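Peer 1: Below are the chains, spelled out letter by letter.
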Amino acid sequence: MSDLMIRTEHITKDYPGTRALEDISLSFGSGQVHALVGKNGSGKSTLVKIFAGAIKPTSGNFYLNDEKLHFNATSDAYDKGIVTVYQEMSLVPGLSVAENIFLGRLPQKYSSIDWRKTYKMAGVLLKKMKLDVDPREKVSRLSMWQSQVVEITKALSFNPKVILLDEPTSSLAQNEVQSLFEAVRALRDQGVVVIYITHKLQELPQIADTVTVLRDGRLIGSVEMDEVEHKDIIHMMFGEVKVQSRPKDIQIQDDIVMEVKGLSREGWFKDVSFSLRRGEVLGIAGMLGSGRTELLHGIFGADRVDRGEVIIEGKTYKRANPIKMKNAGIGLTPENRKKEGLILIHSIMDNLCYASMNITDNGWVENKGRRAEFASRQVRELEIKVPDIKAACSSLSGGNQQKVVVGNWLNTSPKIMLYDEPSRGIDVNAKQQIFEIMWTQARKGVSTVFVSTELEELLEVCHRILIMRHGKIVAEVNPDAVSINELYETCMRGD
Amino acid sequence: MENAAAGRQVFNQKRVGLFLLDHIMEVFLIALIVGLTFGAHGFMTWDNWMNILRSNSLRGVIALGMTMVIIAGQIDLSIGSTVALAGVIVARSCRDLTPLGVDINLAAVIGMVLSLAVAVLFGWMHGSLVHRAGMPSFIITLASKFGLYGLAAIISGGYPIANQFPDWFNQIGGGRVGGQDGVPIAAIILIVAFLIVLFIMNNTTTGRATYAVGGNPESARLSGINVGKTIVFALVIVQVMAVISGFMTSGQVMAGSYSFGFGWELDVIAAVIIGGTSFLGGIGTVWGTLLGIVFMGVITNGMTLLNFDIYTQYIVRAVIMALAVLVSSYRAKVKA
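As they're listed, the protein sequences go chains A and B.
Take the first sequence: its position 464, counted from the start at 1, is 464 in the numbering used here, and no numbers get skipped.
Take the second sequence: its position 27, counted from the start at 1, is 27 in the numbering used here, and no numbers get skipped.
No lab work stands behind these hints, which were simulated from the structure alone.
One or more hints might be untrue.
Here are some, though not all, of the chain B residues that point toward chain A, as calculated from beta-carbon distances under 8 Å [to be verified]:
{"id": "1", "residue": "SER55"}
{"id": "2", "residue": "LYS145"}
{"id": "3", "residue": "LEU198"}
{"id": "4", "residue": "ASN203"}
{"id": "5", "residue": "ALA220"}
{"id": "6", "residue": "ARG221"}
Quantities reported herein were computed from a predicted structural model and do not represent experimental measurements.
Idealized CB from N, CA, C, for every residue including glycine.
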C-alpha cells in the first residue's frame with residue numbers, strides 16, 4: 001500500500017471570544033500510531049472536528065497527500081476516507097456484529113438482504129482486526145473492548161485512509177486496554193494513518209509511535225515516542241504553570257464536620273476513609289474511572305455502599321439516602337448538571353428551590369413569596385446572569401447553569417458541599433466565580449469536597465488534596481508543597 | 001446599541017407568540033363557543049350548558065387526577081375498570097347486606113369505603129411497582145385494567161345490578177341542586193375536584209415535587225425529593241378520582257355494571273393532552289385539563305346538535321387531538 005499523509009498548514013480556528021487553535025502545522029503519515037495529547041481545552045478536540053468535517057477552520061488548509069481538502073459536512077470527510085471513531089458507542093446493541101458494521105448499507109440480492117454475503121464480509125474485516133467474534137453475535141453480548149473494536153471495524157469497512165480514535169480506552173477496564181491495543185496495531189499494519197487522541201499518558205509508551213502535544217490551542221511539539229520521557233511530555237502539556245493562590249484569610253477550624261470511615265462499594269471504591277474540618281476545602285484528584293464520582297454519590301447516599309459509614313457532627317449514617325443526607329447538611333452538585341443536577345424544562349426559579357422546598361414552605365403548603373426570595377438571593381449572590389427568573393433553565397449558558405445547581409444547594413444552608421467536576425464545560429470566568437463561591441462559603445464555615453480531573457484547579461482552590469486511583473485513596477498532598485507535574489505523576493502512575 | 005434594541009424587539013415578538021401558543025386552547029374554545037352560539041340552535045341555553053357539564057364531569061374528575069399522573073411522567077390505563085368496580089361493589093354491598101339487617105344507607109357507605117380502599121391499594125401497588133421494581137406504569141396499569149375488569153364482572157355476576165342504591169347515592173350522579181333546572185351535583189363535584197387538584201399542583205410541595213419528578217427523576221432524586229412517594233401519591237389520587245367517578249356513573253344510571261367506564265382511559269388521556277400537558281412529563285396545568293374537558297364536551301355537544309353522526313364525531317375528535325399535540329410539540333420546540 002502506498003504511503004499516505006495527512007497534513008495541516010497554518011490552521012487557525014476562532015470562536016467568539018476565544019481562539020481554539022492557532023497556526024497549527026503538522027503532518028501524520030501512515031504505518032504509525034500518532035498520539036495527540038493535551039489537557040482539556042488544549043484544542044485537540046477542535047482539531048479532530050476539523051478533520052471530521054464537523055467544523056471548518058477560520059484560516060489555513062489541510063491536505064490528504066497533496067489534495068487540498070474542503071469539508072462542508074461530515075459526509076465529505078467519509079468520502080475522502082477520513083473516519084472518526086468517537087468515544088460514545090454508536091452501535092445498536094440488539095443487532096448482530098455484522099449488521100452493525102454494515103448498518104444502512106447491507107448488501108442486497110433480489111431486493112432482500114444478502115445475509116450470507118453480509119456475514120462473510122464482516123468475517124473478513126473482523127479477521128483483519130484480529131477480533132475473534134462471530135459476525136452473527138449480538139453486540140449486547142460483547143464485552144466493552146470487543147464493542148469498541150467492532151466500532152473500529154465498522155470504521156475500517158469504509159476503506160479509510162485516516163482513522164481518528166477519540167479516547168477509545170476511556171470506558172475500558174485495565175485488562176481490556178491491551179486487547180484494544182492489539183486491534184489498533186492491526187489497524188496500523190493495514191497502512192492506515194492512525195491518530196490516537198488520549199489523555200492517559202501511561203498508555204503512550206505501549207501504543208504510540210509519535211506524540212503530538214497541543215496546549216492552549218498551540219502546537220507545542222511533535223516527537224518520536226522513543227526519544228522522550230514521561231516527564232518531558234508532562235512538561236509539554238502543562239508548561240510553566242503559574243498556579244494562582246487561594247485567599248489567605250480562609251482558616252480551617254479545628255472541629256471535624258464529617259468523617260468517612262472504610263466506605264466501600266464493590267467494583268468502584270474500597271476502604272475510603274478521610275475526615276473533613278469545618279471551613280476546609282478538600283480536593284480529590286482522580287482520573288475518569290478512578291471511582292471519585294461513585295464515592296461522592298456513596299457519601300451522599302445517592303448510590304448504595306457495601307460497607308463503611310459516614311459520621312456527620314457525631315451522628316453515624318450507614319444506609320443513607322439523599323433525603324437523609326440533605327437533612328444532615330450535605331449538598332451535592334453532580335458531574336452531569338444537565339442530566340442529574342437540573343430540570344432543564346423548568347424555570348430558573350424552580351430549579352433554585354427544589355432542594356430547599358422543605359425550608360421555604362410552610363409544611364405542605366407552598367410559600368411562594370419566600371421561594372421567590374430564596375431564588376433571587378442566589379441570583380444576586382452568585383451573580384447568575386438571567387434574562388428572566390421564570391425562563392427555562394435550558395436557556396442559560398453552562399456556567400450559569402452550574403451556578404443554579406450550586407444555588408439550589410446553598411439555599412439549604414448546607415454544612416458540607418460536595419462538588420463533582422464543577423468546572424466541566426464552563427468558561428474560565430465562570431470557573432473562577434465558582435471557586436470564589438467555594439471560598440466565600442468556606443469563610444462562612446461550610447466545608448467543601450471538590451472532585452476534579454483538572455489538577456491545576458485543585459492546587460489553586462484546595463487546602464489539602466487526596467489522590468484517588470482505582471477506587472482507593474493512595475496519597476494525600478499539600479498543595480503548597482507540590483508542583484503540578486508531581487501531582488500529575490502521582491495521579492497517572494499505573495500500578 | 002442597535003443590535004440590543006433589535007434583539008429586544010425579537011424577544012418581545014417571541015414572548016407575544018409564546019403567550020398566544022400558551023393560550024391557544026382558550027382562543028379555540030372561545031371561537032368554538034361563538035361559532036356554535038350562532039350556528040347551532042339550542043346551544044347557548046342554560047339547560048344545554050348544564051347538560052354538557054353533567055355528562056362530562058364523570059370523565060372530567062378522572063382527567064384531573066390523570067393530569068397529576070402524566071405530569072409525574074406516568075400513566076394509568078386501569079381507571080375505566082376502577083369506575084366499573086366501584087359501582088359494582090356498592091351495588092353488591094347494598095343488595096347483599098340489607099337482607100342481613102344492615103341499614104341500606106350504612107350498606108352503601110360500607111360499599112363506598114370498600115371500593116375506595118381497593119382503589120388506594122391499587123394506586124399504591126402501581127406506584128410501588130414503578131418505583132421499586134422499575135416496571136413501566138403503562139404495563140402494570142394495563143394488567144390492572146384487565147384484572148379489575150374481570151373482578152368487576154365476577155362480583156356483579158356478569159349482569160348489571162339495578163335499583164339497589166339508596167336515593168342519596170343516585171343523587172351523586174343524577175341529582176341537581178336547586179330543582180329540575182338547577183346545577184348538577186356531578187358538575188359541583190367536578191369543580192370541587194378541580195379546585196383541590198389545582199391547589200395541590202400549584203400550592204403544595206407535593207405538587208412541585210410532581211413536576212420535578214416528571215421533569216427529570218434523577219435530578220429530583222439528587223435534590224433530595226422523595227420520588228417514590230410522589231409517584232405513589234399521583235397514582236393513588238387518580239384511582240380515588242376513578243372511584244368517585246364510578247359513584248357518579250352508577251348513581252346516574254341507578255345500577256352497577258362491569259361494563260361502565262370501558263375505554264374511558266383514552267378519552268381521559270385525550271382531554272389531558274388537549275389541555276397542553278406533555279406526555280413526556282414535567283409540563284402541564286390543571287387549568288389546561290379543565291379546558292380540555294370543556295372543549296371536548298362542547299365539541300361533542302355541538303356536533304350532536306348539528307346532527308353529525310357518531311362516526312363523524314370520532315373523526316373530528318381525532319383531528320382535534322392530533323392538532324392539540326402538534327401545537328404542544330411546536331410549543332416545546334420554540335421554548336427549547
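Peer 1: Of the numbered hints stated earlier in the document, which are not met by this structure?
Peer 2: The structure conflicts with hints 1, 2 and 3, although it agrees with all the remaining ones.
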